[in-house]
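Letter by letter, the chains look like this.
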Amino acid sequence: MANNTSHTTEYKVLGRILVLLMFMTFLTISVTSFNLGAFSVTVALLIACFKAFMVLSYFMHLKYESLLLRILVGMVFVLFAVIVLITFIDYAYR
Amino acid sequence: MSKATEKIEYVSYLDHQSKYKGIFAWIFATDHKRIGLLYMYAIAAFFVIGAFLGLAMRIELIAPGETIMKPQTYNGIFTVHGIIMIFMVVIPGLSAVFGNFFLPILIGAKDVAFPKLNRFSWWIFMVGSAMAVASQLLKSGPPDTGWTFYAPYSTTTGTNVIMATTAAFVLGFSSILTGLNFIVTIHQMRAPGMKFFNMPLFPWAIYATAWIQLLATPIIGITLVMLIAERLFGIGFFDPALGGDPLLYQHLFWIYSHPAVYVMILPAMGVISEIIPTFCQRKIYGYKAIALSSLAIAGVGFLVWGHHMYTSGMSENARWFFSLLTFIVAVPSAIKVFNWLATMYKGSIDMQPPFLYALEFIFLFIIGGTTGLILGSVATDVQVHDTSFVVAHFHYIIFGGMGFAFFAAIHYWLPKMYGRMYNLKRAKILSVVIFVGFNLLYFPQFIIGIQGMPRRYYDYLPQFQWAQVISTIGGFILVAGLLAMISNLIMGVRKGEIAPANPWQGSTLEWQIPSPPSLENFDEEIEIKENPYDYK
Amino acid sequence: MSETQHHPEVHRDDEAKKLGMWLFIFTELLLFGGLFLVYSIFRAEYPTSFRESSLELSVTIGAINTIALLFSSMTVAMALTAMQKGNKKLAMQLIGVTLLMAFVFLVNKYFEWGHKFEMGLYPGSELMKHLDRGHLLYFSLYFFMTGLHALHIIIGMVLLFISLFKVKSGNVHSQNYSFLENGALYWHLVDLIWIFLFPLMYLIS
Amino acid sequence: MFSNASNFVHGVDNAFLIILGISFFFLITLTGAMIYFVVRYNRKRNPHATQIKDSTWLEVTWTTIPLLLVLLMFYVGWAGFLPMRQVPKNAMHIKAIGKMWKYTFEYEGNKQSDTLVVPLNKAVKIDLFSMDVLHGFSIPAFRIKEDMVPYKKNYTWFIPGEKGDYDLFCTVYCGVSHSYMYGVVRVVDADYFDKWLAKLPVKKADTNRGFKTLEKNGCLACHSIDGSKLVGPSFKGLYGSSVEVSTAGTTHKVTADSTYIKSSILEPDKDIVTGYPQGVMKSYKGLLTEKDIELVNEYLKTLK
Ligand code: HEA
Ligand code: HEA
Ligand code: CUA
Ligand SMILES: [Cu+2]
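Residue numbers (the working numbering), protein chains in the order written: chain E, 4 to 97; chain F, 18 to 553; chain P, 10 to 214; chain X, 49 to 352.
Just chain E, same shape as in the assembly (with noise of 0.2 Å):
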């Protein structure tokens, strides 16, 4: 057993996962279609942000990987966010 380090995933759950993906993508479409305003934004971008969770926990198997590297890539995406939101410090108050 020279290589056990990474989980085996089933079919069905990969499967599952790619239909509940499908279903995401469409209530995006159509709540955009509404014209809900700046709200709409917000949530195509939360539809999104639970889009990506489920991509990186189940394809890319980060639920069966480290805590650390789990850390690792929550920071990644914190980190980003900070810089945008710092960024906005500047161009919200001009």
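No wet-lab data here; the hints were simulated from the structure.
Keep in mind that the hints are not guaranteed to be accurate.
What the hints assert, rightly or not - Short, incomplete list of chain P residues facing chain E, as computed with Cβ under 8 Å:
#1 Leu64
#2 Val68
#3 Ala72
#4 Met87
#5 Leu194
Said to hold, decoys possible - Below, simulated EDC-like cross-link-like pairs (lysine to aspartate or glutamate); rule was C-alpha separation at most 16 Å, straight line:
#6 X:Lys352 with X:Asp340
#7 P:Lys26 with E:Glu68
#8 P:Lys26 with F:Asp128
#9 X:Lys159 with X:Asp213
#10 F:Lys363 with X:Asp102
#11 P:Lys118 with P:Glu61
#12 X:Lys200 with P:Glu54
#13 X:Lys201 with F:Glu333
#14 P:Lys138 with E:Glu13
#15 F:Lys127 with P:Asp22
#16 F:Lys133 with P:Asp22
#17 X:Lys101 with F:Asp551
#18 X:Lys260 with X:Asp340
Stated by the list, open to error - Residues from chain E that keep clear of chain P, each with C-beta distances beyond 10 Å, as calculated:
#19 Tyr61
#20 Lys66
#21 Ile92
All values derive from a computational prediction rather than experimental measurement.
From the three backbone atoms N, C-alpha and C, an ideal C-beta is built for every residue, glycine too.
Chain E is already provided as a structure; the job is to place chains F, P and X with the ligands on it using the hints.
Chains F, P and X with the ligands alone, transformed into the frame defined by chain E:
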């Protein structure tokens, strides 16, 4: 201490025969030690070029009006000086040279995690450097934007900006791959039994640095690509005449380039943290504080980029926010200085050249760092922004910091790398010469900076001349000292005495193996200590 | 660190490769991150122009591409599962499907871009020069971001092609599948980026 | 330090002295300690090091004290800066326009001047504009500096407190003659100012085609048409006059006729006017057509 075991015959990595011969044994080498040396030779060559460009500027500035060159030439020279020094000398500097050579040894590994990738990084480093040099020689003339490539000047000037930015992009890629390699090495290749908190402090510093390289460099990469696209297609991201936003360029540029200054200084701090305990024969004071402050600097360092833009027309809220964070990031640096001094207390101090350079480092770093505090405060930055005060600040902290740490490192590790010793007495004298020349060169710039002398000025008002003259004289002393230092080192490598395995009585792993190390570094079992600086 | 007594070398190597791939994915994420930052700034500055311009894009094509990518992401994950279970044939078929989907994506993109080019809308064109700032920026970002993304699709396809041959030749097998695993990770990255590109580019009515 | 040149000097210098003071304190004590340790614990004197245990208490202390000090520095820096963004309502407005490599100031009533003249003890708001690339607007004596950003509004303001001439520098790199982009700020009595302003001619739209050519190609950044000396010689009275130039090192006199002017435009480095730097003016070969040069010549003839 180190007798070769019977099983493996000891052959130094320098004498090791691989399937390639001659120069190919070097450029196709995957041995981290050889790659480290390759970086060192390349970087030393660029350093010499960059330094002479610096000297050319000093001669031009010795008197107002034209001295030896035209304004356009001058503008090209400071741009290229900046590009070479930043992207080709100090960013790769310590981490690619000494990181490559000593990181695996210090954590008890045979090599880095991906030796071929490591070789590839060096190759693209050379490609990028070649492009940077080419940008000088091509038809339209050297780029004349300053190393910051501020839009919209950089999107409209007729010089070789595309070539120079592509070069910076390629160099950035090399930096990313090196960082990636080091992170994986530290996570996966530590010797059995070595926990994170048993690592020496240089690997800790390299670890923090590698994260910055990995996460910040892509941003400048994409920014430079946007700049190129703007020049080629007139896309208008940054040029206001096309609808773009020049301040956005500045944000993106400094989102990378501020963290990049910590890429320069963190490994330097790591080197100092290695040298001080060795020459004091004392366990380093506040091991954990030093290790964690590296991570703190790397983390908070990501969030302070706006301090380069206080006068750019940024919103008031952003100005105070960035100022506050800038001050906070200074505290971990202060902690390190205090811990180094505490390590000297009641030590048994041996004044050898590496230690002398380390002391000079601390002095210059305090000056560079505390003038950084003046720049960090909004009111005073308004006065000295874009003046020679800033020029003095960053030469003190980059050259006085990273540069002197580099000199300390080479004097510290040269016996290990080549198995020979240089002339110690001469090294000490030259160290003092360099120190004096350095201060003469840059200190006057603080004063005229406060009086308002702007930077990137080809010509200036007569009231600033006295300082420029002192500066130029200092420059010559410095260059003379440095050339003598290099020749002292080269003579040491070629004809010096054979160095013992542990000339300074160091306690970290590199001193437990023969000098120079063998190809696989560790031919015998090594002992992992609870604390790497375990002096009794 | 986990020290397996018997095969420390092999064991570590795979872990290292995977970690290396993840780190590379981090840099890719931040590379696109820079563009998303630019996008959000300009979007905040020119909301109406961005909205108007996005109407020029066909949501249908975008949606088809989203589905193609999501589907391919699943099939490549399944290919890994198949490989882990030692089912070589199924793994090859699944990689094949993934590549097919990637191809569908590119063909779609080709038509989408081709249509814009016919209208005279491409970077550096006369028409682009006459657009107002908001529209110009939107389309510049559109071409830049989807272009970079398409480039990543192509790189991903190359990686998957190589995996396909490695599986076929037996270089990648149920005991050593780290190349396929990393290729798949890269492919998911491409999907991940599209998940954000799609709503931001196509769906801002 | 602490002059009375503008209302900001006090706040800025205050911050400067506080930060500098703390910095010097640390520089001197730390360097002193370093030297003392090196001497006192030298290996000759102290052959055996004493190992000392880490003290969490000490670490916390020397984290907290610098933290408090930097917060103080932040505060004084911010307090010194804040007034720079709070323009009083009654401030007089002047428009400053930066253009490669020259400043122009527009006063109310469409009046234009190359020198910034301001009345003593009166709040002046400067609206900053740029016509091409980034420029800086820095008056060191007043402790102010802001960038001029094309297509973006930016401003600065001050109350001058002492009469006199002060330097004005462009601090943001803007091309070849960046270092020649400087000017003078003149602070005068309010009475004198009113008289000066009244005398300042109203800017008239000059429709001469030769003038247009000069303006469009940026010649007027370096050459004035009113006799004042900028980066290059003034055009006023140039045509037909006798000019001392140096050609390949030898000085001689030439008459500024059409051929001379043409060669000065196409090959500026051939004849260098005495007292002016070589290499500052670039060649306009390919940029100005024959026709343009003719127009310029016609226009220069009118500038007596
Ligand atoms: C190695 C590179 C390096 C490093 C480490 C630093 C470190 C710091 N820098 Fe510097 N900086 C540059 C390289 C570097 N800088 C460069 C290249 C530029 C110019 C770029 C360009 O425009 O071309 C620049 C410009 C620059 C500016 C912009 C100036 C301007 O253009 O107007 C500012 C403003 O805040 C700044 C601040 C700081 C601060 C606060 C630190 C701090 O991290 C310093 C921390 C260190 C200390 C504080 C000293 C040690 C502590 C003590 C001795 C104890 C006493 C201290 C306290 C009580 C806190 N730097
Ligand atoms: C690492 C960074 C670094 C280093 C070392 C230097 C070194 C020098 N610099 Fe600097 N400089 C910058 C980074 C650096 N510089 C940057 C980023 C800018 C801003 C550019 C811009 O505005 O865009 C700048 C700008 C700058 C200016 C301001 C230009 C202006 O604003 O008008 C000046 C002016 O005098 C100057 C002078 C010098 C001089 C005289 C030297 C040196 O000549 C000092 C003498 C040093 C040597 C002679 C070195 C000898 C060493 C060796 C031969 C190799 C040794 C190697 C080994 C042992 C391995 N530099
Ligand atoms: Cu205008 Cu520099
Ligand atoms: Cu900075």
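Results of checking the hints against the structure:
1. Leu64: violated (12 Å)
2. Val68: The hint holds - P:Val68 has a Cβ within 8 Å of chain E, the shortest such distance being about 7 Å.
3. Ala72: Where the cut-off is 8 Å and the nearest Cβ of chain E is about 6 Å from P:Ala72, the hint holds.
4. Met87: holds (5 Å)
5. Leu194: Cβ of P:Leu194 sits 6 Å from chain E, so the hint holds.
6. X:Lys352 with X:Asp340: violated (20 Å)
7. P:Lys26 with E:Glu68: Roughly 14 Å between the alpha carbons, so the hint for P:Lys26 and E:Glu68 holds.
8. P:Lys26 with F:Asp128: holds (15 Å)
9. X:Lys159 with X:Asp213: violated (21 Å)
10. F:Lys363 with X:Asp102: holds (14 Å)
11. P:Lys118 with P:Glu61: Judged against 16 Å, a Cα distance of about 21 Å means the pair is violated.
12. X:Lys200 with P:Glu54: holds (13 Å)
13. X:Lys201 with F:Glu333: Judged against 16 Å, a Cα distance of about 14 Å means the pair holds.
14. P:Lys138 with E:Glu13: violated (52 Å)
15. F:Lys127 with P:Asp22: Given that 16 Å is the threshold and the Cα spacing comes to 13 Å, the pair holds.
16. F:Lys133 with P:Asp22: holds (14 Å)
17. X:Lys101 with F:Asp551: Given pair X:Lys101, F:Asp551 holds - Cα atoms ~12 Å apart, limit 16 Å.
18. X:Lys260 with X:Asp340: With Cα atoms ~10 Å apart, X:Lys260 and X:Asp340 stay inside 16 Å; holds.
19. Tyr61: Contrary to the label, E:Tyr61 does not stay out of reach of chain P, its closest Cβ about 7 Å off (not over 10 Å).
20. Lys66: Its Cβ never comes within 10 Å of chain P, the nearest being 12 Å, so this holds.
21. Ile92: Non-interface label on E:Ile92 holds, nearest chain P Cβ at 12 Å vs cutoff 10 Å.
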